[in-house]
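Enquirer: Sequence:
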Amino acid sequence: MIRKSILLPHIFTAVLLFAGCGNMSDEYNTETQISVAPTPPTIKKRIICEGDSRTDNGGSPGSALDLDSYPAKLARLLHANYYKNGGVAVIFDPSNEIEVINIGLSGDTVQKILANETGQVNPYILQGGETIYILDAGGNDIWIGRAPAQIISDIKKIQDIMTAKGLKVYTATIGDGRAFQKFRNTLVAVNNGIPTTYAGGKTIGKVIDYWSVPELKNFTNMTYFQSDQLHYMPAGNQVKAETAFTVLSK
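Be aware that the sequence shown starts at 19, since it is given in the working numbering, and climbs by one per residue.
Hints may contain errors.
Derived pair list, reagent style DSSO-like, types lysine-lysine, alpha-carbon separation capped at 30 Å [unchecked claim]:
id : residue 1 : residue 2
1  : Lys268    : Lys235
2  : Lys62     : Lys175
3  : Lys224    : Lys175
4  : Lys200    : Lys63
5  : Lys200    : Lys62
6  : Lys200    : Lys224
7  : Lys268    : Lys183
8  : Lys224    : Lys235
9  : Lys183    : Lys130
10 : Lys130    : Lys175
11 : Lys63     : Lys224
12 : Lys268    : Lys224
13 : Lys175    : Lys200
14 : Lys268    : Lys200
15 : Lys63     : Lys183
16 : Lys235    : Lys183
17 : Lys235    : Lys62
18 : Lys224    : Lys183
19 : Lys130    : Lys62
20 : Lys186    : Lys268
The hints are simulated quantities; they were obtained by calculation from the structure and are not laboratory data.
Build out the structure end to end from the sequences listed, making use of the hints.
Expert: And the structure:
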């Protein structure tokens, strides 16, 4: 795969949702493009972030909106390189051999991700190098009325498949939002039931627990949430990135 790249200043910093609920809010809809520059380094480790619109974050690859997504902010924290699926590489540090890939898709469900896992992930695995996989989805499944047992079963199948491919798997709990209030019992059941072991007791990864983060629970706080009280402002995505960073660093 040939990629163009985008050169950004080196940034020194400490240490997937709901198309059915509408598009990203107007107050967070910028499409500023970044200019093209040198070739990215050889990649020895990648982090694949899969999910729905709260991973995707909207915006064309390399736009300001894309670069405010939690995967892009995670790349900054790691001094890694970043690109959105199908887009150009964003080089935060030309000397770094780590990349973060955003393959989030607005409206995605764990049911759809399970059906399409080969097409989404295999092209990156085939490039070689160590791969970490973060699954941050399930909210749309709740919103369309799927039962907790169905959602948890699909999450476990995705975990099993990715682990069998040699990926290190991390699974995110589902952050709160106004759209979930009439599905409260399902949301709690899914977050409490996200599996962390194979049948037989083999550990398959860690949980990134957005559900327990105070800033991501109060969806009326406009510092972190957009006016739809579901999608995140840049500060909310920063909290997500820092939470993921902390878990990945352990």
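Enquirer: Compare the structure with each hint and give your call.
Expert: Consistency of the hints with the structure:
At most 30 Å may separate the alpha-carbon atoms for a hinted pair to count; lysine 268 and lysine 235 meet this at roughly 24 Å. At most 30 Å may separate the alpha-carbon atoms for a hinted pair to count; lysine 62 and lysine 175 meet this at roughly 27 Å. Distance restraint check for lysine 224 and lysine 175: the Cα-Cα separation of roughly 15 Å lies within the 30 Å cut-off, and the hinted pair is therefore satisfied. Between lysine 200 and lysine 63, the direct Cα distance comes to roughly 41 Å. Violation of the 30 Å bound is thereby established for this hinted pair.
Annotation: proposed proximity of lysine 200 to lysine 62 is violated, straight-line Cα distance about 44 Å (limit 30 Å). Among the hinted pairs, lysine 200 with lysine 224 is consistent with the structure: their alpha-carbon atoms are about 28 Å apart, no more than 30 Å. Our distance criterion of 30 Å between C-alpha atoms is met by lysine 268 and lysine 183, whose separation comes to about 22 Å. Restraint check for lysine 224 and lysine 235: satisfied, since their Cα atoms lie roughly 21 Å apart, inside the 30 Å limit.
Pair hint lysine 183 plus lysine 130 holds up; C-alpha atoms about 19 Å apart against a cutoff of 30 Å. Distance hint between lysine 130 and lysine 175 is fulfilled; the C-alpha atoms sit about 12 Å from each other, no more than 30 Å. Restraint check: the Cα-Cα separation between lysine 63 and lysine 224 comes to about 18 Å, which is no more than 30 Å; the hinted pair holds. Taken as a hint, the lysine 268 and lysine 224 pair is honoured in the structure, with Cα atoms around 10 Å apart against an allowance of 30 Å.
For the hint pairing lysine 175 with lysine 200, the CA-to-CA distance comes to about 27 Å; that is within 30 Å, so the pair holds. Of the supplied pair hints, the one linking lysine 268 and lysine 200 is violated, its CA atoms being roughly 35 Å apart against a limit of 30 Å. Our distance criterion of 30 Å between C-alpha atoms is met by lysine 63 and lysine 183, whose separation comes to about 15 Å. The suggested pairing of lysine 235 with lysine 183 is violated, with an alpha-carbon distance near 34 Å, which exceeds 30 Å.
With a CA separation close to 36 Å, the supplied pair lysine 235 and lysine 62 exceeds the 30 Å bound. Taking the CA atoms of lysine 224 and lysine 183, the gap is near 17 Å; set against the 30 Å cutoff, the hint holds. Annotation: proposed proximity of lysine 130 to lysine 62 holds, straight-line Cα distance about 29 Å (limit 30 Å). For the hint linking lysine 186 to lysine 268, the alpha-carbon distance of about 13 Å falls within 30 Å, and the restraint holds.
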